[in-house]
Amino acid sequence: MIQITLPDGSLREYDQPLSVHEVAASIGPGLANAAVAGRVDGELVDCEFMIRTNARISIVTPQEPDGLEILRRSCSLMLAMAVKQLHAHAQLRTGSALGDGFYCEFAVERPLTTTDLPLIEARMQSLAATNHSIRRSSTPSPSAPPESLSLYRLGDTEYLTTGPHVPTTRVLQAFALDHVSGTLQQRIYGTCWSSHQELQQWRLPPLVVVVSMDDRQTSYAHAVTERLRRSGVRALADLRNEKVHCKIRHHSQTVPYLVVVGEKEQAGDFVSVRGRSGEDFGRMGVEAMCEWLGQSWMAGV
1 MIQITLPDGS
11 LREYDQPLSV
21 HEVAASIGPG
31 LANAAVAGRV
41 DGELVDCEFM
51 IRTNARISIV
61 TPQEPDGLEI
71 LRRSCSLMLA
81 MAVKQLHAHA
91 QLRTGSALGD
101 GFYCEFAVER
111 PLTTTDLPLI
121 EARMQSLAAT
131 NHSIRRSSTP
141 SPSAPPESLS
151 LYRLGDTEYL
161 TTGPHVPTTR
171 VLQAFALDHV
181 SGTLQQRIYG
191 TCWSSHQELQ
201 QWRLPPLVVV
211 VSMDDRQTSY
221 AHAVTERLRR
231 SGVRALADLR
241 NEKVHCKIRH
251 HSQTVPYLVV
261 VGEKEQAGDF
271 VSVRGRSGED
281 FGRMGVEAMC
291 EWLGQSWMAG
301 V
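Using the UniProt record's numbering, you'd call the opening residue of the sequence shown number 1 and step up by one each time.
Since the hints were made in silico from the structure, they are not lab data. Heads up, some of the hints might be wrong.
Unchecked claim - Pairs of lysine to aspartate or glutamate residues, derived as DMTMM-like cross-links and limited to a Cα-Cα distance of at most 20 Å, are as follows:
hint	residue 1	residue 2
1	LYS84	GLU158
2	LYS247	GLU287
3	LYS264	ASP215
4	LYS243	ASP178
Please put together the full structure from these sequences, using the hints given.
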C-alpha cells in the first residue's frame, strides 16, 4: 500500500505504483487537465513520474510560478520544433525559459527577420493544436548529469534540456513571438502565459521597463520586475542578450521610465532609474524605487 500525503494534510492510499498524473486524476478531472508537473517530497517532476513509495505530493499548475516557468520552458521546445520544420537549415544551439517568456538560439545560413515570426508563431499554434506529447527519455544522456539536463522527445526529435516539461502541447495556448536578434547566430524571443487574458494584460503599455546589462543580471532584473508588479506598477523586463544601449534606445521613445540593472546594482541590491527624456534619477534601493514609481504612476506622471 502506498500512502500519499496531499498539501492540505489529507492522506490517500493506493494499492499499486501510480504516476503524478494519475494522482491528480484521482483527486479530480479538472486538476488532471490543469496539471503540468508534480512536486514529490519537494522535488519537481514530470506528470509521468511514477510514485512507488510513500510520499508528500502536490500537483503543479500554471497558476503558480513553477508551473508558469514549465509552460515557458516547454514553449521553447515547441519553438525549436516549429523553426526546424520551416527552416531545415537552422541548427538549435540552446533554449530555455527567460523572464516572462522563453527563447531559442539557432545557427542559421539565412538570417531570419521579424517577417518570419508570424509564420513561425502560426506553426507553433498548429503544433499546440495537434497535441504532441513531450516525454522524458528513460535512457540518461552520457553527456550530462541527470540532475541538471535530460533528454526530452517532442515529435521525432530529442532535446537536451532542463525539466520538467508539460505532458502535451495542448496546454501551450497563450503565447506570442516578439523579437529576433543576431545574424548567423540568432535568438528568437517570445512570451507565454497561462491564459489569453494574461497575455493581453502583458501587451498593455508599461510604465517602466527593467533593462539588464547582460545575462548575469537576468534573475535579478526579473525579480525587480516582479517586485514592481506586486507594488502595483505596470512593468516589463527586457532580458534579451543584446547591448544595453540598444535596449535603452529601443524603449526610450515609448516608455516613461527605464530601470537599469548591472553588476554593481545587483551586488548592492539597488537600481539606476532614467526617464524617457534622458533624465537621470540616480540610484535607488529596490523598495524605495517601487514606492517612488508607484507615486509617479498615481500622480499620472
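- prompt: Taking only the CA atoms, is the gap from LYS84 to GLU158 under or equal to 20 Å?
  reply: 13 Å, holds
query: Keeping to a limit of 20 Å between CA atoms, is the pair of LYS243 and ASP178 held or broken?
result: This hinted pair holds, its Cα atoms lying about 18 Å apart.
task: Quickly compare the C-alpha distance for LYS264 and ASP215 to 20 Å and report which way the hint goes.
output: 14 Å, holds
- request: Below or equal to 20 Å on CA atoms is what counts here, so check LYS247 against GLU287.
  value: 24 Å, violated
When held up to the earlier numbered hints, the structure conflicts with hint 2 and nothing else.
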